[in-house]
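Asker: Place chain D on chain X using the hints.
Protein chains: 2
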Amino acid sequence: MTLCKSTTKQARAMANAIRFLSADAIERANSGHPGMPLGMADVATVLFSRFIRLNPAAPRWFDRDRFVLSAGHGSMLLYSLLYLLGYKDIGIEDLKNFRRLGAKTAGHPEYGHLAGIDMTTGPLGQGISSAVGMALAERILAAKYGEDVCNHYTYVMAGDGCLMEGISEEAISLAGHLRLNKLIVFWDNNNVTIDGHVDAASSVDQLKRFEACGWNTIEVDGHCQKAVAKAIIKAQKSKKPTLIACKTQIGFGAPTKGGTSKCHGSPLGAEELSAMRKALGWNYAPFEVPAGVLTSWREAGQRCNSAYQDWQNRAKTKGKEFSDVINGKLPKNWDKELKKLKQKVIAEKTKVATRKASQMCLEAIMPHIPQLIGGSADLAASNLTLTGVSKTVTAKDYNGNNIMYGIREHAMGAIMNGLALHGGIIPFGGTFFVFSDYMRPAQRLAALMGIRVIYVLTHDSIGVGEDGPTHQPIEHLAAYRCMPGIRTFRPCDVVETAEAWQLALETEDKPSILALTRQNLPLLRMSAEENLTARGGYVLSEADGKRRATIIATGSEVSLAMEAKKRLKEEGIEIAVVSMPCCELFDAQPLDYQEQVLGKAPRIAVEAASKFGWEKYVGLDGDIIGMDGFGASGPAEELYKYFGISVEEVIDSVKNLL
Amino acid sequence: MTLCKSTTKQARAMANAIRFLSADAIERANSGHPGMPLGMADVATVLFSRFIRLNPAAPRWFDRDRFVLSAGHGSMLLYSLLYLLGYKDIGIEDLKNFRRLGAKTAGHPEYGHLAGIDMTTGPLGQGISSAVGMALAERILAAKYGEDVCNHYTYVMAGDGCLMEGISEEAISLAGHLRLNKLIVFWDNNNVTIDGHVDAASSVDQLKRFEACGWNTIEVDGHCQKAVAKAIIKAQKSKKPTLIACKTQIGFGAPTKGGTSKCHGSPLGAEELSAMRKALGWNYAPFEVPAGVLTSWREAGQRCNSAYQDWQNRAKTKGKEFSDVINGKLPKNWDKELKKLKQKVIAEKTKVATRKASQMCLEAIMPHIPQLIGGSADLAASNLTLTGVSKTVTAKDYNGNNIMYGIREHAMGAIMNGLALHGGIIPFGGTFFVFSDYMRPAQRLAALMGIRVIYVLTHDSIGVGEDGPTHQPIEHLAAYRCMPGIRTFRPCDVVETAEAWQLALETEDKPSILALTRQNLPLLRMSAEENLTARGGYVLSEADGKRRATIIATGSEVSLAMEAKKRLKEEGIEIAVVSMPCCELFDAQPLDYQEQVLGKAPRIAVEAASKFGWEKYVGLDGDIIGMDGFGASGPAEELYKYFGISVEEVIDSVKNLL
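As you go down the protein sequences, you meet chains X and D in turn.
For the first sequence, the numbering used here begins at 1 and goes up steadily by one.
For the second sequence, the numbering used here begins at 1 and goes up steadily by one.
Chain X with its partners taken away, still in its complex shape (with noise of 0.2 Å):
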C-alpha cells in the first residue's frame, strides 16, 4: 500500500469516505464486496467530485455524464458516491440498510431501484457492454438533435472480470470501430479475481487488446488523484475511446487483507476494520461523515448547477419531437401507415413470411418513429431488418437508423440494453432465433430492468431446413416463456406481426421477442379492427355448433390447424382453433376469458418446437404435437412431415382424443 504524496489530504480524505461508508455498510450487512470500493474510491473521487456531469435533483438529466459500474458487485461505491453527492432518493439509513429485504440499496446496483443508478450489472461484462450502446446513443442523438442538447461522456467502472467476458470483446471492437471517443472505461487493474490473483487465470496485455480493437489506452496509478485527472483529461480529448488502466490494490487500506481475493466478496471484520481505521486515520464512528468532507462532497454535487440551467433552457427550443423522443414518447398517429398496411394485407390475402411480414410493418413505421434505431448480427438480409428509409450509422456520420452489430449477438443485446437505457431510442435487433442463446444474458438483463428492446428472431423453428439442427431452434420459445419479464411473440401472418410490433413498441417497460418465419404462410386474420395479439391467445376460427375439440397453435402452425379444421369439418367433426401469439399476455387475461378461449372440449396443442409447457393449456387429458427433439437437416415441408408435425397428425390426434 503507497500513497501518493500528490494528492492532498482533503481529497484523500473524500476518497476515505466512499472507503469507511463502504466497509462499514458491507461490515452491518455481514455481506458484499469491499474490495473494488476500497481499491476504486480515489478515482471515484476524482470523476465524481470534478469530472463528471451531473444533477443530483435532476437524476433523469437528458444530457447528464452516464456512469456504469460494471463490476456491479462492487455496488458500495455507487451507494456512497450518490449519498455523498447529495441524491435526495438515498439517505444514511438506506446505507445501514444494505442488502437487506425491500432496500433501495440492493446488493448488486438494481435499475429503478434507487435514482443515479444507470442500469443494472452484476453478470460481469454486460456493463462495459451496454455502456456502449448508451455511448453510441449518445452520438446518434448528438447527431439528430444537435450537440446543444446531447453531448456527455459514458464513463465506466470494470474489472478484469468484465475484460475477461467474452461479450465485452464484441462490444470495445465496435465501441473501437464507431469510434466512441466520449466513452472512457476505468479498469480497475488491481490483478485479483475470486480464485486468486489474475496470472493464474490470464496473461493478456490489455492495453495491446484495446488498442487492436481501435482504442487509445492510457496507464495511472490508480491511488494517485492528480494522475487519474491527468488521464481523464487526457481521455476526454481522444478521437478514440479510451482505456485508463487504473493500477489499484483491491481493498486499498486494509492492513492484512488489501491486495488479496480475501477482501473481494466478504466483510472485512471487525478486526481489520478496526485495523483499517488506524491505518488511514479515520477516527470516526460507522455511517459518520466529518463535516468538512461531506461539504466538499456536496459542493461537488452542485457543480453542473448552472450547466443544467443552461441545457434546460437550450432543450426547450428543439421542439416536440425533442421532447417526446427523450422521454420516450411514440410520436402521435406513428401507427397509421402500420393501420394501413393490415387492411391493405387482408384485401390482397398477403402470403409471405412472418420475418417478410415484419419488414413490412418497418416499411410502414420507421419513417414515422424517429427514434427506432434497428440492426442485426450480420444477418440483415435474413431478419430484413432493413427498409428503404435505414441508414447505417457510421464513424463518420452518426445520424442513421440502422446498426451493423457485425456477428456479435451478445454485445448486440448488451448494446440494446444501453441504447434503451440511455433514453431516446428505442432499439431493435435482429438475428436467427436459434442464436439468441448468445444474447440470453443480455435479455434477461433487459427483463429484470423492465426496458423496451425489440429482439427480432427471424428463422425460428425446422422451417429453416436444410442448414440443420445447429440452426433450428427447438427449446427457444419455452426458453423465454419461463424467463419473468419478457414477452414472447410469435405471430401466424402479417395482421398478427403488426399486431405483435404495435404491442412490442407501445409497452415501454418490456422487451418483446418477435419470433418469426423463414417460410411463407397464408393469411388467416381476416379482420384487424381489434388487436387480438393484445389477448395473447383468441379464437381464430369458432366451431360451427359444439366444439368438439380446441387446437391451439401459434405462427407458423396456425395455418397447419385451420386446414386440419376444414378438413376435419368435411367429415362432420367441428373444431375450434386458438392461435396464441403470445402465451405471456393470455395468462394475464380474466380466468373467465382463458377458459372461454380454451373451451371445455379436449385440447391440442401443436407447435413446431419443445412440447415443454403445453400442458399448462392442454392438461393431462389433451395432446401436444410438437419436437421431442433436435431437428435435421433437410428440405423444411420434408422435416414437417418427419417430425409429425402435419395436418393429418393434428387430424389424428382429435380423432384419437374424440
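By construction, these hints were calculated from the structure, which means they are not laboratory data.
One or more hints might be untrue.
Because identical chains cannot be distinguished in the list, a pair is counted as satisfied if it fits within a single copy or across any two copies.
As the list claims (entries may be wrong) - With a Cα cut of at most 20 Å, we get these calculated PhoX-like pairs of lysine-lysine: (1) LYS230 - LYS9; (2) LYS208 - LYS240; (3) LYS616 - LYS600; (4) LYS396 - LYS237; (5) LYS226 - LYS5; (6) LYS247 - LYS5; (7) LYS351 - LYS339; (8) LYS318 - LYS144; (9) LYS396 - LYS240; (10) LYS320 - LYS332; (11) LYS318 - LYS332; (12) LYS230 - LYS5; (13) LYS208 - LYS234.
Answerer: Chain D only, in chain X's frame:
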C-alpha cells in the same frame, strides 16, 4: 483473383477438386455455402495432403491430428476432403445427397453422422473455442501418458464470424495463457461477411489482438500453397499457439461472384458454375474427379499408415488405464468410495449444502478416476470444485486435473466440449447456475452432439440471498428441462447428489447439469441401496394409509415438503412426498411407474423457481408453489418467506385442494 505461380498444376488441381465437388454438391442441393470451400481449398489442400496426421481407415485414431471446421457452413470443404482422402464412410453418392434429409452430409458438419467429423459446428465461435479444449486435452494426456502416445496438432479453420464472436476472445486468451503451441488456427481472411465487407462492422487488428493474447501470428497468401506450407512448418515449431492469417478470396474461382458476399450462402447458379469451370480449366462433369487427382488424394490419405501402426504398437505397452481412458471407460470399482460416503452420511445424518455434498462426492471419486478433469470459471471456492487431490493445469505443468478457466463461462462450456470430444477426459466445470446463460450455446452443442460433459452449477435459487436477482436463477431449471438431450439434476441431499454424480459419470452420451444449493439441507434419504435418482422421481415418503395429496419437490424444497408432511400428519392429513431430482429420467420411466409415483390424489409441485412446466405433473387441477417473477436482494430465509415458498404455503395449498 490472382494465381500464385509457385503452386504446381497438380496441387492446384487437387484444390480444384475440392472446389468443384463443393460447388457441384451445393448446386445440386440448391442450398449451401460455396464461398468458404472455394476460398480455403488451397489451404485445405496443403494441410490435408501434406501435414495433417490421420488415417481414413481408423477415423477415431486417438493420436490423429484434430481438425475443426469452425466456420461450419463451409461443410462441403470437409465432406469433399473426407471423400477425396478415402474415408469409407463417405462415397460420391453422399456428396450428391448433400443437405438431404437423412444424409450423412448434413447442412453443417454433425458429429457422429459421418466418420472424420471431429465436432459439430455451425454456431460461430464454438469450433475455435472447443479446439482449445482439444489442444488442452492433448497436452494433459501427453503429460500423463507420454508424448509417445499423445502428440498431435489441433487444426482449425475459422472465418471472420468466429473471430468476432466474444467466445473466441475467451478461448484464445486461455489458449495463449496455457501456451497451447500445438493449436494452429487458419483464419480465412477474406474480408467478407453475410452483410457485406468486414470493414463495415469491424476494424480490429486481428494479428495484434491475437498477439496480445499470447499467440504467434503469421500472414500468408491463402492461395499460395508454398507459402501456406511454410507457415504451417513455422507454426509447428512455435512455442505459442499460432494464428495463420490466410488472405483469401471468398468463392475463389467464381468469376463474377468471387470476392463478394453473393457467394457466401447461396449456390453459384448454373451459369456462374459453368464460367468457373472455364476460368479454372476444369473440364469435368459434376462429381467427376480426374483419376490422377483422385489418386494423389488417396495417396495422401495413406501418408500416415506406418505412423499409425507404430502408434498402435506403442499404445499397447501403456497398459489398461491408458486403454480405458482413451476408450471413455471408467475404472472398475471407481464408485467404491462413493458408496461408502453414502453410508457414512446416512449414519451421520449429514446436513450440508448440496454444493458441499458435490465436493464430498468429488473427494471420494477424483482419486479413482484419472480422466476426471475439473475446473471453475473463477468460482472454485463457491462451486466447491476443488478437492484434496486437485492440481491445477499450468503452462509449465500440464499434468493436473483442475483447470482455472477464469471469468470465461462461455469458453469453459466450449472447452469442456473439446476435452470430451478429444477423448481421454471427462470434464466437469462450475459456475453460478444463473451464469450458465453465458455458456448456453456451448451446452446446446454438447446436448446435440451427445457428449459427456458435467456442469456443476451452484447457488441454484433465491437461496443465493443478498446478491440479489442478477445472481438468482429463476427460469434456468425450466430452460434446461425444455432443451433436448441434456439432463438436469437438482438433488435434495448428499445421497441424491452422489446418485446424480454417478449417473452423470456413467452416461456417456449426454451432458448433465447438477443444480446445487448454496445453503445447507438436511439429509432426507435414509437408504442408498438403489440409485433412486436414476428413476428421476420417486416416493421419498409415502402416506400412512390413503394419500390425500402428493407433493412433488426438488432440491432444497424437498425438505420443506417433508416438514409440511409432518405437520399435516399432526392434523391427521396424510400426504406423500415425491422427490424429483431429474424430470428427464422420470419422463423416461414406464407410464405405470410414473402414475404410481404421482398418485391419484391432488398434486402440488414445490420448487423455488419458475412455475413454468410443472403442469406436466400436477395437471390443471393441481397447484404449483414457485416463483412468478425475479428474486430480490436480502437474506435467503427472508426471501423464501417473502416469495411464499414455505412450509405454511404448502400446508395451505394442500388444504385448499382438499
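Asker: Does each hint hold? Answer for all of them.
Answerer: Now for the hints, and whether the structure bears them out:
no., hint, result
1, LYS230 - LYS9, "within (19 Å within a copy, 62 Å between copies)"
2, LYS208 - LYS240, "both (14 Å within a copy, 17 Å between copies)"
3, LYS616 - LYS600, "both (14 Å within a copy, 19 Å between copies)"
4, LYS396 - LYS237, "within (17 Å within a copy, 43 Å between copies)"
5, LYS226 - LYS5, "within (10 Å within a copy, 60 Å between copies)"
6, LYS247 - LYS5, "within (16 Å within a copy, 53 Å between copies)"
7, LYS351 - LYS339, "within (18 Å within a copy, 63 Å between copies)"
8, LYS318 - LYS144, "within (11 Å within a copy, 71 Å between copies)"
9, LYS396 - LYS240, "within (13 Å within a copy, 38 Å between copies)"
10, LYS320 - LYS332, "within (11 Å within a copy, 77 Å between copies)"
11, LYS318 - LYS332, "within (17 Å within a copy, 78 Å between copies)"
12, LYS230 - LYS5, "within (15 Å within a copy, 55 Å between copies)"
13, LYS208 - LYS234, "within (18 Å within a copy, 24 Å between copies)"
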